[in-house]
Structure formats: structure tokens, C-alpha cells
Amino acid sequence: MKIAIDRESLAKSVQDVMKAVSPRTTIPILTGIKITATSQGVTLTGSDSDISIESFIPVEEEGKLLVEVKETGSVVLQARFFAEIVKKLPQQTVEIEVGPNFLTVIRSGKAEFNLNGLDPDEYPRLPQIEEENIFKIPTDLLKTIIRQTVFAVSTSETRPILTGVNWKFENGELTCTATDSHRLALRKAKIETENPQSHNVVIPGKSLNELSKILDDSNDPVDIVVTANQILFKTKHLLFFSRLLDGNYPETARLIPTDSKTDIIVNAKEFLQAIDRASLLAREGRNNVVKLTTLNDGIIEISSVSPEIGKVTEEIQSESVEGEELKISFSAKYMMDALKALDGTDIKISFTGAMRPFLLRPLHNDSMLQLILPVRTY
Amino acid sequence: MTMTMQWEQLEQYQPVVVKMLTKSLEKGRVSHAYLFEGQRGTGKKAASLLLAKSLFCLHPLGIKPCNECRNCRRIDSGNHPDVHVIAPDGQSIKKEQIELLQQEFTKTAMEADKKLYIIEHADQMTTSAANSLLKFLEEPRPGTVAILLTEQYHRILETIVSRCQVFSFQPLPPALLANDLIEQQIPPHMAFLAAHVTNNYEEALELSRDSWFAQARKIVLQLYEMLKKNDLQALFFLHDQWVPHFQEKQQIDLGLDLLLYIYKDMLHIQLGQPDYVVYRDKIDDLQQWALACSQRQIVQSMEIILQAKARLNTTNMSVPLLMEQLILDLKEGKAFV
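Just so you know, the protein sequences line up as chains A and B, in that order. Everything in the first sequence is counted per the numbering used here, starting at 1 for the first residue and increasing by one. Everything in the second sequence is counted per the numbering used here, starting at 1 for the first residue and increasing by one.
Chain B with its partners taken away, still in its complex shape:
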């Protein structure tokens, strides 16, 4: 993600949000708490940093930060003593992290007369952390701005949402992003997949050039083919190929997404919408596969994958076990006939 972004660049794909934010900056009516929600890569973090810089910049051009002064540079490097960024410590944002923030904000600012905090993945606050934050959103102090970022708006406590000004970051149509990528000499089959995985151009570009991602795509497609066979080969493949390749939680989540797209594609084919297909180079195979199963089966399989995703994100289940269960569920006992 580019750190030296300007409002204009962000405006290209988040026109509504940028317009509202810049207007409130111009009128000096910055709210005390914002909730930025939207998919991964829609520019939430960039917008929050831009807002911080617009407020703290020493030589702003109107409301535009200069990106060069001490304050702008320190906001980028995380060294500004009055701008705090909190991100999940491991699985969740802990109560202690919020308490530390609370203590921070009972004191006067270190340099300026204003303070700002950004909470990334605000949905991952533990309930007690969310409640301590609530107390502090209820009694805002002058000159303090809170920005909460989330990809899962519905997992945020309602009491928190009601105290924030909510901005929805719109996802970029994947087809548009894919076309941009193809212009950058990315092979179409990689471009479409990358554009579905993330909404951020730079990230998509990086991803489609990443050999890990290409390999991941291959493994997922192979796994699906194994699944169709009438034996337990998929389980061996899982331990041989999948588990060593997808190690980080984020990677596993991505792997499950890639698997989900196969089923989604088949559904689109059955519904006569081949334009939405992600794995375009495999369209012939997909058509064959789509013929072999009912719509109900596909929807069921998708549900199973979504369940696995939920389990991955909310529990500490061992990954090989989680994947084995997924495969057995997807095969629905077929292997044991």
C-alpha cells in the first residue's frame, strides 16, 4: 500500500467517502469517532492515515497534507507520540491494549493539542476490550479523534456502532481491477483471481506476480480434482501439498477462498452467467463439473467451506484437523460407499 497517498488518489475509487471526509475537514467539523468498514484493500487504513496527516500536518495545502513535514513522516513511521495505532495482538485486541490507550488519553497530548487513535480490525476486540472502549467513546474529550477499521461490520458491538460516524468503503468491481492488471502484462487467469482476492490494486499486482500465489492456485485446483475421485487420495494430497503450502492463518483463509471460488464458478455456470467465472482458463472443465452435480450440492459445499472459514477465524482448532474435516464433509461420505 502506498503510504504517501493523497486524497485525490483515494477519491478515484472511494469518491463518496473522500468527499464527505474532505468536506468535514474543510469545515473543521471532524467527528470524535469514525467507523470505516469495507472489504480488504478498499483503502480504509490509507484513509485513516490521510485523515491523521490532514489534522497534524505542519504545512498543509488547504486540507491536503504535505507528506514531507516531521508530523507527516512520523505518522507514516508510527513514531508520532500523539497518533496511536492499535492492531490485534495475536488473535484479538486485548483489554490491556485498550486500557493502555485509555491511560494514554487521560493525559494531555505530548506535542500538539490533539490526539488520534486508529484501531485496526476493531471487530477483533474482546468483549471486555470493546466495553472499555465504549466508556471512552461515550465521553469524548475535545481534540480526540478515534478511527475504527473493520472488514466485518456486523461483528462490531451495536453500542459502539451507534457512537461512531460510519463510512462504508465500496468494493471495487473485480472485473475493472482485473482489466487494470491485464494491462500490466499479468496473464488473465491470474488477474481475475487476484482481483477477487483483494480490492487493492497494488496488493493484487503483487499477488499476481507472487509465485506462492500461483502455486496456491494450482494446489487448490488439484485438491478439487482429487475430491471428485472416489477414494481418500484427497486426504493424502492434503498432507503432502496443502498443509505445507498454506501455513499462516491468513494464507489458509485465502486457500479456502480460492476453493470457494470453484464452487461459485460452477454455480454461475449453472445459472448461465459465465461472465462471472473466476477460473476462466478452466471454463471447459468447470462446465463438465457443473453438469455432474446439483445446485443444492454446490450450495451445500459452499456452506461447508464458509463454516470452515468461520471456525478458522473464531477458534483455535488445529489446521490439519480442520482441513480433514472439511474434506470429509465435502465428500459427504462418498468415499466410504
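With the rest of the complex left out, here is chain A:
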């Protein structure tokens, strides 16, 4: 392999793929970045086996020559050193040449580095993309979906499958569900596809957080491909692979109550602020519990008592309260997480009794919902 490459583009690509490289890996080859040069351009790959990121630098972009490929080929270089070297090279162009035994020379201006490369054959092989199995979704919507669901995944390893978000592709619709068995977040979205096949996969929450970080804020479409072992997200020059969680995701549809006894419509922002204030004292307590009580004339009372510290009560005027009177306790943290995820200004909360899970939904939008289990208090 022999290439001359624009340093800025290379540095940006290296920075992107470095997000996937972990210093504490048990697989020695994964401490490296794989560089592959073809006649189309240069591909960099980084991976910690859970997620893998591929960044592509085309030969030419917007009339600007970025790479000159003199000889195609491939090598794996130690990520830590390579990233630092690229950052600090003096000139605008970087020459990379791989000799026998993967001995690699990196030249820029008068600086020359000789690095011991590794055999690219040792590097894990990532799934190949089949063009017909593509789902399309705008980048900003994808990021919103992730933000609205991933916070609800379980952080405990006792049920590993719950550390992921369940993605169902069915009839041109994507349904994302996350739950830690105390609360549940669900988001639906339309997706563009010519692929009638349905998929049901569980993506690790950590991978989705990383994906969200690496995506920029635009409405360019992201291509999604589901393979047997991995899911792939493809933007213009970036490929993001994540392994999936193995096992069956619990059936969650029947957990969501269909009827309700008490319906409250409130302004999400005011409600969130009230819960936040009430949780100031509750946070110190054992489980961060606040209590909601319906009063007359659409007034609801939020209160919290921590015997050692004191108590707080606040009344909020709701838009409407319908149905039975209600006293219910719940975790302030779960409530705030849910309220932050629901972007709507007015939300509807549907209760079916003090001991049953309750639903939060934006008033005029049924593409998302949040479910929270109440806390039993005496």
C-alpha cells in the first residue's frame, strides 16, 4: 500500500474511528486501526468488537483531491500512536507506505515515522452490506428516537437483554422499546424502505449512545441495514456497526394499559419543574419518591416528605382532570426522565389506580409513550 493523503481529512477520520477503539480490549489486534486503500479511496476502521466504525475518505470530494492512491493494499497500525502522529505531522500532505512485514513509513514534510504494522488479515471481518435490505431514516429523527428511548434501558446485568433497546421493523414502521422493568419508553416512526421484510433486534444501549454522539445534526438520511449478527448505520462517509444482544426481548405490548380511570392533562414544562422542586427533598430520601394527589377544580398537588429533612407541597393548575380521585406515588427520577423525553407542550397522563402502571403521552401525538410503575407507600 502506498498513498498520499490530505492530513486534515485523515485526522478527522482517525478521530471518528478512534471513538470505537478501546484501550482495554482482550483482542490484541483491536488496539489498532485498519487502513485500506482502494482505487476509490481510503477506509479506516476502528472497533472494540461491540461497536465498529468505518470512515471513508474518497479520492476526490467537491473538486478537491484528498487522496492519491499509488498502490492499493491494507495494514493495521497501533491506534494510540497513529492518532497522535497524524495530529502532529507538520505538512498538509501525509504519505503512508507499507513495506515488507507490514513495516509502515509515515512521511510528512521532513518528518518520517517508521511503525511496525500488523497483518490486516488478523482484523475482524465486518458484515458486507446488501443494498436491497436498506431502511432510510433522517439523521435528526434517528437521534431523537435514541434520546427518547435509550435512557430507560436497564443498567443491571441480571437480565442482559434489558440493557438494550428493542427495534422492530414492520410494515414500514419502526417501533423502539426500552424498559428496565420499572418503566418503559416506546417510540414509533415511519421509515422509508423497499424491503417488506420485518426484523426484530435488540441493540445494546451503550452502542446507541455512541451512535448518537457520532451523528451530526442534519436531516440527511441514514441508511440502516440489519444483518444476522450486527446492525449497521450508514451516513455519507461513516459506517457504524453494532453487535446485537442475543435472546428474545420480552413481549411488552400487553403491559400497556388500554383503559384508564383518571386522565390528567398538564403542561409538561410546568409539571416537570414542580416534580423537580419536590424531588429536591426526596432525592435525599431512600428512593426519591414524590406523591401526586388530585384536588378539586383541576388542581393537583405534588408533595414529598423526608422525615429527617422536611416536606414540600406544591399545587399546580392542570388543564383538566377527569375520572376518579387519585393518590399515587412514583419515582421522581423516572417521571423527570419521561417528561424530558416527551417533547410535547401538553401531555396526557392516564392512571388506572394507585397500584397500576400509568401512561404519559403527548396530547396530539401517539407516536410515543412512557410507562411508569408507581411506588407502593403506606
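Certain hints may be false.
As a list, the in silico DSS-like pairs of lysine-lysine whose alpha-carbon atoms are at most 27 Å apart [stated by the list, open to error]:
no., chain 1, residue 1, chain 2, residue 2
1, A, Lys168, B, Lys114
2, B, Lys114, B, Lys45
3, B, Lys95, A, Lys206
FYI, nobody ran anything at the bench for these hints, they're computed from the structure.
Position chain B relative to chain A; hints supplied.
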């Protein structure tokens, strides 16, 4: 150890194990968990790697791995993302190591649809590590194979043993191995000792050519002679010669083994079995020494050495202290008369 071994080579000295493993491969009935137990150098690791390669090889010949494809080469170099080898981190296999493995196995495989893990020295798992592993042996996932290796079968939790298919790797008769070594121009006295220390031909060959090992033999014999004298010279010798020479834990363990063989030899002589003697070149001396002590004394001394070995492997006792105690115990107060 040769990495590019084939089933046939292993079969020469582990016929039963190889036959059972190859049959289950042929019939596609690979178990979800194996426990390979046997002495050091009996080919446990080689068998586990061979099994891994047979399962993952891209161009197998029947069940034989090609040893050349990407997968075979990456299993040898430890770079295959779906084959994990866990070895003790310091003194033991920690819970975190098993947890990492558990997390690894809740996810889909990276490349193929199967995953394999090898746990070396499985007896050195801490109890909590063993318990976390147990949970995961109880609910095997399709396509996942676990291979546990151990030299100390009896220190493995029974609940783990009961969930694995156990294969016992037979030790090679030392005399056979020694003869092979002698054919390689190794002097007999080194050959016999090396053949007792390890069961692996290559390792024995390397060991008997190693000047460190020759020196170790000399020091151990000298130490024994010192022990017989009626003063505390042995203690000075210990600090002058022994401690600087045997530094790594493994080396100390080996040193204690070498010392143990002297007592074993004397016992064999007393029992009229001179064929079993390890230090053959010293047989005249050994006969003299054997006359000077009772069988009970010898057995007691052997027990003391075994205790020291156990202490070395299970505690963090300082080595010079451990050795001093050993020497005083072996002298049984003789020095203080």
C-alpha cells in the same frame, strides 16, 4: 508447545480423549461445556485450540482444521473476535474477568454464529467468579462452547464439574518420555528429571537443555546435603544460592518438586524399587542416605514439602520465610540439639 498441531499428533499420547472429541465433531454433537483435566504438559491447551479450530476453520478437511485460513491463524494469535481465552490475572481468575466474558456472551457473535471460550487454570477462579460462571453454564446458548482447563480437578466446584463433560488427559509414563529425550542426546540424569517435571515432550526437551534447570538441580542436591549436616549452614545456603535462583512462583514450585523427588527416590530405594529413581546418577549417595533414615521420617519430610507447596500456591507468604520454615521443619530441631 507446537501451535500447528493436528489431531493425529495429539492422538499419539491422548488416544482416548482424541477419539471421543473427534467422534463428537464428526457427528456434530459438540457439547456446550468441557472440562479438560490432567497434569501439566498433557496437551489440554493444544486439544482446546484444536477443537476451536475444527469448529471455526474455513477450509476444514473433514474435521481437521487447515491451520492456514484466517480463522485458524487468528485462533493461534489470539485475535479471533469470537474465541476468547481467559487465564488467571495474577493469583486468580477474578470475578470481573468472568463478568466481561458474560457480557461478551450476551451479545451476538462478531463474525460467525458461534462463540467459544477457553478458561485456563479454571481451578484458580475465585469463588465468586466460579459462581458467576455457573449461572452461565446452566443456561447455555446455542452455538456457545466452553472449555475449562485444569491441573487440579479436585479444586473445581462440584456444581461446575457436574455441568461439564469431563475429559481426563492421561500422564505420559516418565520412563517413555525420558527414553525419547535420551535419543535426542540429552544426558540420562537430565532426561529423567525433565521427564518427571513435565509431561510435554517439547517442554521437557527445552528444559533439559536449559542451563537454569541444570543449575537448579545442582542447588537442590546441595541443599539436601546441607540439610543432613548438623548445623544451620542450610539456612545460609538458602539465602546465598536458592533464593536468588528460584524467583518466579513457578520456579519455586519446581524447586520444591525437585527436592521432593530426592525423598521419593529414597523411599523407592527402601521399598526395593530402584527402577523408579529419578536422580539415577546419584544412586550410590541415595542408597547411603536411605540407610540413615526411617521410612516414617521420609514420609514426614515429604509431607512437610507438600505443605510448603500448598502454602506457596494458596497464600501470599514471603518466599524466604516459607523456605526458612521448610528447612527448620525438615531438620526437626536437629540443629538445635
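Results of checking the hints against the structure:
no.	hint	in the structure
1	A:Lys168 <-> B:Lys114	holds, 24 Å
2	B:Lys114 <-> B:Lys45	holds, 20 Å
3	B:Lys95 <-> A:Lys206	holds, 22 Å
Of the numbered hints listed earlier, not one is contradicted by the structure.
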